[in-house]
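Chemist: Each chain, written out:
There are 2 protein chains.
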Amino acid sequence: MVNYHTLTQAEAVKFARGIKDVFPEDAQLDSRELGDGNLNHVFHIFDQASGQSIILKQSLPYLKMVGQSVPLTLDRVRIECEALRIHGDLCPDQTPKLYAYEPDFALIAMEDLSDYTVLRRGLIERERYPLFAEHIGSFLARTMFFTSDLAMDQQEKKLRVKSFMNPELCNITEDLILYAPFTKSRMNIFEPQIRDAVEQIWKEEELHLEVALLREKYLTNAQALLHGDLHTDNIFIKPDSIKIIDREFAFYGPIGFDIGTVIANLLLNFSGQEGWSTDAEKRAEYRRYLLDTINDLWTHFEFEFRELWNDYASARLVNTRGYQESYMARLLQDTIGFAGVIMLCRVYGFIHVLDIDDIKDAEARERAQRTALEIGVALIKRNRSAHSIKEVLDIALKAAI
Amino acid sequence: MVNYHTLTQAEAVKFARGIKDVFPEDAQLDSRELGDGNLNHVFHIFDQASGQSIILKQSLPYLKMVGQSVPLTLDRVRIECEALRIHGDLCPDQTPKLYAYEPDFALIAMEDLSDYTVLRRGLIERERYPLFAEHIGSFLARTMFFTSDLAMDQQEKKLRVKSFMNPELCNITEDLILYAPFTKSRMNIFEPQIRDAVEQIWKEEELHLEVALLREKYLTNAQALLHGDLHTDNIFIKPDSIKIIDREFAFYGPIGFDIGTVIANLLLNFSGQEGWSTDAEKRAEYRRYLLDTINDLWTHFEFEFRELWNDYASARLVNTRGYQESYMARLLQDTIGFAGVIMLCRVYGFIHVLDIDDIKDAEARERAQRTALEIGVALIKRNRSAHSIKEVLDIALKAAI
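Quick mapping for you: the protein sequence lines, in order, are chains V and E.
Residue numbers for the first sequence follow the UniProt record's numbering, beginning at 1 and rising by one.
Residue numbers for the second sequence follow the UniProt record's numbering, beginning at 1 and rising by one.
So here's chain V without its partners, still in its complex pose (with noise of 0.2 angstroms):
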């Protein structure tokens, strides 16, 4: 990485211009920077001519946190390209186009979605997308099944895992999730009137001690390869289709972990609905169809990983009785676990969500941090005992009365 430096908007253009087959040879090229600069320098490239355009995502080495910059390992750059291409294999889909990866400078071509809506943004908007359910549960239950040892040879599985170890990344994740919230930590963020039901989390043993269980399945268990970050913010889309990106925290981890963010953000929008209508039909309404979508989602999820256990596992795995089901529950009680703490980190932690921040009515905004703290307790809490989706809907519903 001698050559690193930040790319100026010129030097992006021409590194641009360099990637074959993607803008017309004469085209005259125009850029705009996207994105705050935290971690990453975005930059969008356009032919007006043409129509064509790309997403230039240079990464930072570096990560501007509480007025601080920390150092952040660009390795973190190959792991993303890396994840996308076999994304980008097993779902296409739902995967942004790579065009071109550039280590030395830790840069990334791909796909402009500039048509898409950034799904938070959408459902703050509260729009409906009848498809997502099904999209993202496509794209979980294929990514994770294709990726773990129930699809793969014992060994490439083994090379894989090395290969996304991803040490720095994870790290945040498991101090600013699966730690932080559950000690008075300086990381910890909130408004003084949640303060009761904050430090009423921190007393709790039970919850602490199904927090290190779920913790400790974060650090051990390398079941598949995980994207590490799907909230709502990762997830663009429109009527008939979604992208997935940003997969710098892509590991091999639980595969409980990526469909519980996804249902996490889901129900902190569920909670946020509080502050975002004042017809209580419409905000049920809305609610309900949340709620749908998350049943709609592990639904899809669980046949589809199923089908393609029975379509594609070794014939042992697919004759042993009992084993699918023990392996479905299991995955079912993660994903309400790690849903569980998202959600506490997301309302009181370092990283909020604008679905509850963005309220502006102080009472109501309450309302949506203390239901979406109900929630999350009730969930971390059910973890292990799970059995069923609607369980998660039951809390759900019964936190928002």
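One or more of the hints may lead you astray.
If several chains are the same, the list does not tell them apart, and a pair holds so long as it fits within one copy or across any two.
[Said to hold, decoys possible] Straight-line C-alpha distance at most 30 angstroms; calculated DSBU-like pairs for lysine-lysine: (1) Lys381 / Lys217; (2) Lys360 / Lys238; (3) Lys64 / Lys217; (4) Lys184 / Lys203; (5) Lys217 / Lys162; (6) Lys64 / Lys14; (7) Lys162 / Lys64; (8) Lys238 / Lys97; (9) Lys381 / Lys184.
To be clear, the hints were calculated from the coordinates, so they are not data collected in a lab.
Please arrange chain E on chain V, whose structure you already have, making use of the hints.
Modeler: This is chain E only, laid out in the frame that chain V set:
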């Protein structure tokens, strides 16, 4: 590895002479070759005058199996050497001294253990080792605890998991121990008189589910740095000391696998007592000694592991009520499950044990085999519901009646 070739004795002596601070400068070194050369060439190099001696072990790039040579990675020497260093730091008393490592020749020079007995041989001769349980329990507790997430920095541990990825050797265990014995495979070798018992195992669905779950743990659960092949041929012993050899199977896996391997081998000897004494009282007495050893081994392991946890784990782990209980309970269950699987494969799988195979009398040998199979099956069936090491002793006693 451009220079790699199998060393002649003269070259081995020359290499030994080059190692600092082992032999006097003017030593007259002699050498002899030990072992069968299926996997490694082993030279014993000694100086009659000073009494100094070492072992030189050169690994071969293949494994002789079923009359064929199968290529086998020489990276296993690096792994053995790194594991030797880590274990040497943690448990110098139980780890042979490492004098030199020459990667180009896949060569390790280490402490000569000629004054020790191979534990399996000792047990077959009905020796008693009153300190063994404490020594091995301590070795297991220290090496497991200090290489796990309980003691290590999260990031360092992940780098270590990466460096101990050992796909080729793990594959041998996965196939020969955790797969073949549960299916009609040419890798199973057994005498016709126990065919009915073996076929019964191939049919038992309850058993296959348990084995699938144990295999999943072996494949995915990077809990601590295991020895990976801790049977009683790899434990050298004298009354006041043990030394653990042969770490080429080392990898990050479930702790219970190593403990289970030791216990399985003690129980194989327990089963084999059928053939080693016609005196029922003597047999029962030695069996009692073996069961006491298993009980003491687990008790000592658990005591020391908990003590290390309380002294060295982060405050979060120490203070999470119930977590240590849960962790230890799961370790015991894994131990019991893996012990059962290992017993079965050593009776009718690809690699047997002399404790049983060397019994001359065919009827006694069959009784020993059936006893071992009965114990193994019962341990596997019990594993997930076990709560005490006493259950192992009861299962063994019942099978030996």
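Chemist: If any of the earlier hints don't hold here, list their numbers in rising order.
Modeler: Failing hints: none at all.
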